[in-house]
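Enquirer: The primary structure of each chain is shown beneath.
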Amino acid sequence: RKEVEQDPGPFNVPEGATVAFNCTYSNSASQSFFWYRQDCRKEPKLLMSVYSSGNEDGRFTAQLNRASQYISLLIRDSKLSDSATYLCVVMFGTASKLTFGTGTRLQVTL
Amino acid sequence: NAGVTQTPKFRVLKTGQSMTLLCAQDMNHEYMYWYRQDPGMGLRLIHYSVGEGTTAKGEVPDGYNVSRLKKQNFLLGLESAAPSQTSVYFCASSRTGGNSPLHFGNGTRLTVT
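Chains F and Z, in that order, are what the protein sequence lines are. When we follow my numbering, the leftmost residue of the first sequence carries the number 1, and every step to the right adds one. When we follow my numbering, the leftmost residue of the second sequence carries the number 1, and every step to the right adds one.
Calculated directly from the structure, the hints in this document are not laboratory data. Careful: at least some of the hints might be erroneous.
Lysine-lysine pairs mimicking DSSO-like chemistry, simulated, CA-CA at most 27 Å apart [what the hints assert, rightly or not]: (1) Z:Lys-71 / F:Lys-45; (2) F:Lys-42 / Z:Lys-9; (3) Z:Lys-57 / F:Lys-42; (4) F:Lys-45 / F:Lys-79; (5) F:Lys-79 / Z:Lys-71; (6) Z:Lys-71 / F:Lys-97; (7) F:Lys-45 / Z:Lys-14; (8) F:Lys-2 / F:Lys-42; (9) F:Lys-42 / Z:Lys-71; (10) Z:Lys-70 / F:Lys-97; (11) Z:Lys-70 / F:Lys-45; (12) Z:Lys-9 / Z:Lys-57; (13) F:Lys-97 / Z:Lys-57; (14) F:Lys-45 / F:Lys-2; (15) F:Lys-2 / Z:Lys-57; (16) Z:Lys-57 / F:Lys-45.
DEER-style ranges, computed between Cβ atoms [unchecked claim]: (17) F:Gly-9 / Z:Val-88: 18 to 24 Å; (18) Z:Gln-17 / F:Leu-110: 43 to 49 Å; (19) F:Asn-22 / Z:Arg-44: 19 to 25 Å; (20) Z:Ser-67 / F:Asn-22: 39 to 45 Å; (21) Z:Asn-106 / F:Ser-52: 30 to 36 Å; (22) Z:Pro-61 / F:Arg-66: 27 to 33 Å; (23) F:Glu-3 / Z:Pro-61: 17 to 23 Å; (24) F:Ala-67 / Z:Lys-9: 40 to 46 Å; (25) Z:Val-88 / F:Leu-110: 27 to 33 Å; (26) F:Ser-81 / Z:Ala-2: 19 to 25 Å; (27) Z:Gln-17 / F:Pro-10: 32 to 38 Å.
Covered stretches of chain Z, as calculated for chain F (at least 3 residues, CB under 8 Å) [said to hold, decoys possible]: (28) 37 to 44; (29) 96 to 102.
The model shown is predicted, which means the values in this text are computed figures rather than measured ones. In this text, a Cβ means the ideal position worked out from N, Cα and C, and glycines have one as well.
Construct the complete structure from the given sequences, taking the supplied hints into account.
Expert: Quick look at the structure:
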């Protein structure tokens, strides 16, 4: 089983739709969780950290479910500019123990 | 404020050739990392550094060497390139090794023929 698993997609959604991605992780002792965004042929950029109580940043909501070992990302009112690959990142210990998922591709269309 | 700068952006090598990738950051970050990204795989850590003069192996260190003689620079060397090292290489830095976000460079696309 992979340490971090994501559905590769692509998720094709119309503008204005709500879309959600899940990411499962295998190490129950994982401590920190993040979502990064990566545009085609560009570098990853931090989208948001994921806190135990869940957190929101504008149209984006992240949730953590430790019991079932998954994190989720919800995007409301999708924009064309949200089209990208979303990487789930899990940390156990120090930053040298960051594990990246392979990413979920989102395509928002008119 | 340039952030993290990688050079070169593209390179084609023949098997057996050597090269060095340079990463420079101007944010006074302690931690620096080299990752490779291959299709269908997540970013994998090659080597990292927790401060000037220190280096450590990551998940896939074989065939690579690194040096961090100055805090702002982290060099990745390939002594004898192999086709399996064809990849996109990303350098990143972070203020600390805990929850500090990673700041990535633009990447280097390396092809080994």
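Enquirer: Taking the hints in turn, state whether each one holds.
Expert: Do the hints match the structure? See the list:
no., hint, verdict
1, Z:Lys-71 / F:Lys-45, "holds, 22 Å"
2, F:Lys-42 / Z:Lys-9, "holds, 11 Å"
3, Z:Lys-57 / F:Lys-42, "holds, 25 Å"
4, F:Lys-45 / F:Lys-79, "holds, 18 Å"
5, F:Lys-79 / Z:Lys-71, "violated, 40 Å"
6, Z:Lys-71 / F:Lys-97, "holds, 21 Å"
7, F:Lys-45 / Z:Lys-14, "violated, 32 Å"
8, F:Lys-2 / F:Lys-42, "holds, 25 Å"
9, F:Lys-42 / Z:Lys-71, "holds, 25 Å"
10, Z:Lys-70 / F:Lys-97, "holds, 24 Å"
11, Z:Lys-70 / F:Lys-45, "holds, 25 Å"
12, Z:Lys-9 / Z:Lys-57, "holds, 24 Å"
13, F:Lys-97 / Z:Lys-57, "holds, 11 Å"
14, F:Lys-45 / F:Lys-2, "holds, 23 Å"
15, F:Lys-2 / Z:Lys-57, "holds, 21 Å"
16, Z:Lys-57 / F:Lys-45, "holds, 24 Å"
17, F:Gly-9 / Z:Val-88: 18 to 24 Å, "holds, 20 Å"
18, Z:Gln-17 / F:Leu-110: 43 to 49 Å, "holds, 47 Å"
19, F:Asn-22 / Z:Arg-44: 19 to 25 Å, "holds, 22 Å"
20, Z:Ser-67 / F:Asn-22: 39 to 45 Å, "holds, 40 Å"
21, Z:Asn-106 / F:Ser-52: 30 to 36 Å, "holds, 33 Å"
22, Z:Pro-61 / F:Arg-66: 27 to 33 Å, "holds, 31 Å"
23, F:Glu-3 / Z:Pro-61: 17 to 23 Å, "holds, 18 Å"
24, F:Ala-67 / Z:Lys-9: 40 to 46 Å, "holds, 44 Å"
25, Z:Val-88 / F:Leu-110: 27 to 33 Å, "holds, 30 Å"
26, F:Ser-81 / Z:Ala-2: 19 to 25 Å, "holds, 24 Å"
27, Z:Gln-17 / F:Pro-10: 32 to 38 Å, "holds, 37 Å"
28, 37 to 44, "holds (count 5)"
29, 96 to 102, "holds (count 7)"
In summary, the numbered hints that this structure violates are 5 and 7.
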